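Asker: All chains should be built: construct the whole structure from the sequences, respecting the hints.
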Amino acid sequence: MTLGEAIEEVRNQFFSGQWRPIITEGLLMTLYDLMGKIENKPTVKIWGLEGQDPVPAIFCILEKEEEMVVKQAQIAIDQNMHRYVKIKMFGDFEQDKKNIGALRKFLGPDSFILGDPNRGYKYIKDLKALSKIMIALHEAGMDGVEDPSSLNKEELIYLQANVGKLSIVPDHIMRPAAKSIKYFDDRMGNYFNLHPNCMGTFTEINDIPKVIRASDKGIMIGDSSLIGAACTFWQQIAIGNQASWVEAMEKPQEQDAFLRCVLQKATHLNEEGKVVADFKPGFGLKVDEQKLISLADAHLNI
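When we follow numbering that gives the first Met the number 0, the leftmost residue of the sequence shown carries the number 0, and every step to the right adds one.
Some hints could be false.
To be verified - Quick list of in silico lysine-lysine cross-link-like pairs, PhoX-like style, CA-CA up to 25 Å: (1) K63 x K152; (2) K40 x K273; (3) K63 x K131; (4) K279 x K250; (5) K96 x K121; (6) K279 x K264; (7) K104 x K87; (8) K97 x K127; (9) K70 x K87; (10) K63 x K87; (11) K97 x K87; (12) K209 x K44; (13) K44 x K285; (14) K127 x K152; (15) K152 x K164; (16) K152 x K87; (17) K285 x K87.
Said to hold, decoys possible - Ranges of calculated distance between the beta carbons of each label pair, as one might list FRET restraints: (18) K178 x R259: 35 to 41 Å; (19) K178 x H267: 49 to 55 Å; (20) K121 x G16: 25 to 31 Å; (21) I45 x E65: 44 to 50 Å; (22) E65 x E8: 46 to 52 Å; (23) K36 x Q12: 45 to 51 Å; (24) Y122 x G3: 45 to 51 Å; (25) K209 x F89: 34 to 40 Å; (26) I74 x E8: 40 to 46 Å; (27) T202 x D109: 25 to 31 Å; (28) K36 x K178: 38 to 44 Å; (29) K209 x E8: 21 to 27 Å; (30) Q254 x F14: 31 to 37 Å; (31) Q12 x Q254: 40 to 46 Å.
Hints are computed from structural coordinates only; laboratory data are not their basis.
Only a predicted model underlies this, so the values are computations on that prediction, with no experimental measurement involved.
Every residue, glycine too, gets a C-beta built ideally from N, C-alpha and C.
Answerer: Next up, the structure:
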């Protein structure tokens, strides 16, 4: 196949339901990187994305105990990623309120704190009751909340209209990109999460930010416990699409093997905690493959 035919084949496999988003995105990422290297241009520029300004990185805390939340927040400060922090929530109001309060006290008033219950409050069926809980968590220090419950479009619209200055961040309803373009409504939230491994095809992934920005709402590029090539790739997607923040960041405190194999990378974190791109052909990543293979438990040749 030609490169264009290969890209179209991957898209067809996805739209016919044969391939899951994670496989589709991985293969398309590789093919689009190759396209940029063949044309000697950054892939995001071939796509016509105009964003160039640095995008804030967001640090993710997954701990349940208050002491460990604060410990992770210190790592965020050490890595210069404390201006935007996401905290996992557990659908337990008292526990979530305690953790958010501790995080706000530790970080101070200037950090943006995003809570992520991952639909953990779905057991609360009454939207008025859910709104009151979200307002109380906002008062404890939470600026935004990602998918507080399993909500449809109308329910998200109601919730955003009834939680004051708290920002709702729809996530699950935005998957995949080809479907979410059709039912997008800017009243569902103030920011919208484009979640790696869930969005599918990049033509549509790059189309929906145009609709979001036209509505004067913000874009979040999420994470999927990513490591390696996917991180710099999604960071460039974030910059090109003028996202409000990007979560797809390397986590050297958890795993640094891939980072030790990088020879060239087009993105880096600056002193302000923002991801900066020095765009290069394709996605601008070069690695020591033999070193990477030696560090990996297993590898696959495609």
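Asker: Confirm or reject each hint.
Answerer: Comparing the hints with the structure gives:
1. Our distance criterion of 25 Å between C-alpha atoms is broken by K63 and K152, whose separation comes to about 30 Å.
2. Between the alpha carbons of K40 and K273 the distance comes to roughly 23 Å, so the proposed pair stays at or under 25 Å and holds.
3. The suggested pairing of K63 with K131 holds, with an alpha-carbon distance near 22 Å, which does not exceed 25 Å.
4. With a CA separation close to 23 Å, the supplied pair K279 and K250 stays within the 25 Å bound.
5. Pair hint K96 plus K121 holds up; C-alpha atoms about 17 Å apart against a cutoff of 25 Å.
6. This hinted pair checks out: K279 and K264 have alpha carbons roughly 9 Å apart, not beyond 25 Å.
7. Pair hint K104 plus K87 holds up; C-alpha atoms about 17 Å apart against a cutoff of 25 Å.
8. Using a Cα cut-off of 25 Å, the hinted pair K97 and K127 holds, with the two alpha carbons roughly 22 Å apart.
9. With a CA separation close to 14 Å, the supplied pair K70 and K87 stays within the 25 Å bound.
10. At roughly 8 Å between alpha-carbon atoms, K63 and K87 fall within 25 Å of each other, so this suggested pair holds.
11. Between K97 and K87 the CA atoms are separated by roughly 12 Å; this keeps the pair inside 25 Å, and the hint holds.
12. Note on K209 and K44: the hinted pairing holds, with a Cα-Cα distance of about 15 Å set against a maximum of 25 Å.
13. With a CA separation close to 19 Å, the supplied pair K44 and K285 stays within the 25 Å bound.
14. For the proposed pair K127 and K152, the alpha carbon gap of about 16 Å is at most 25 Å, so the pair holds.
15. Among the hinted pairs, K152 with K164 is consistent with the structure: their alpha-carbon atoms are about 19 Å apart, no more than 25 Å.
16. In summary, the hint linking K152 to K87 is supported, as the alpha carbons are separated by about 23 Å, within the 25 Å threshold.
17. Restraint check for K285 and K87: not satisfied, since their Cα atoms lie roughly 33 Å apart, outside the 25 Å limit.
18. Range check, K178 to R259: about 39 Å between beta-carbon atoms, so the 35 to 41 Å window is met.
19. About 34 Å separates the C-beta atoms of K178 and H267, a value inconsistent with the hinted range of 49 to 55 Å.
20. The beta-carbon spacing between K121 and G16, approximately 26 Å, falls within the hinted interval of 25 to 31 Å.
21. For I45 paired with E65, a C-beta distance near 47 Å keeps the hint of 44 to 50 Å intact.
22. Between E65 and E8 the beta carbon distance is about 50 Å. The supplied range of 46 to 52 Å therefore holds.
23. Take K36 and Q12: their Cβ atoms lie about 23 Å apart, and the range 45 to 51 Å is violated.
24. Checked against the given bound of 45 to 51 Å, the beta carbons of Y122 and G3, roughly 48 Å apart, stay inside it.
25. Distance hint for K209 and F89: a CB-CB separation of about 35 Å, consistent with the stated range 34 to 40 Å.
26. Distance hint for I74 and E8: a CB-CB separation of about 42 Å, consistent with the stated range 40 to 46 Å.
27. Taking 25 to 31 Å as the suggested C-beta distance range, the pair T202 and D109 does not conform, at roughly 37 Å.
28. The hinted window of 38 to 44 Å between K36 and K178 is violated, with their beta carbons roughly 31 Å apart.
29. The given range of 21 to 27 Å is respected by K209 and E8, whose C-beta atoms sit roughly 26 Å from each other.
30. Between Q254 and F14 the beta carbon distance is about 33 Å. The supplied range of 31 to 37 Å therefore holds.
31. Hint check: Q12 to Q254, Cβ distance near 30 Å, so the stated range 40 to 46 Å is violated.
Checked against the numbered hints given earlier, the structure breaks hints 1, 17, 19, 23, 27, 28, 31 and satisfies all the rest.
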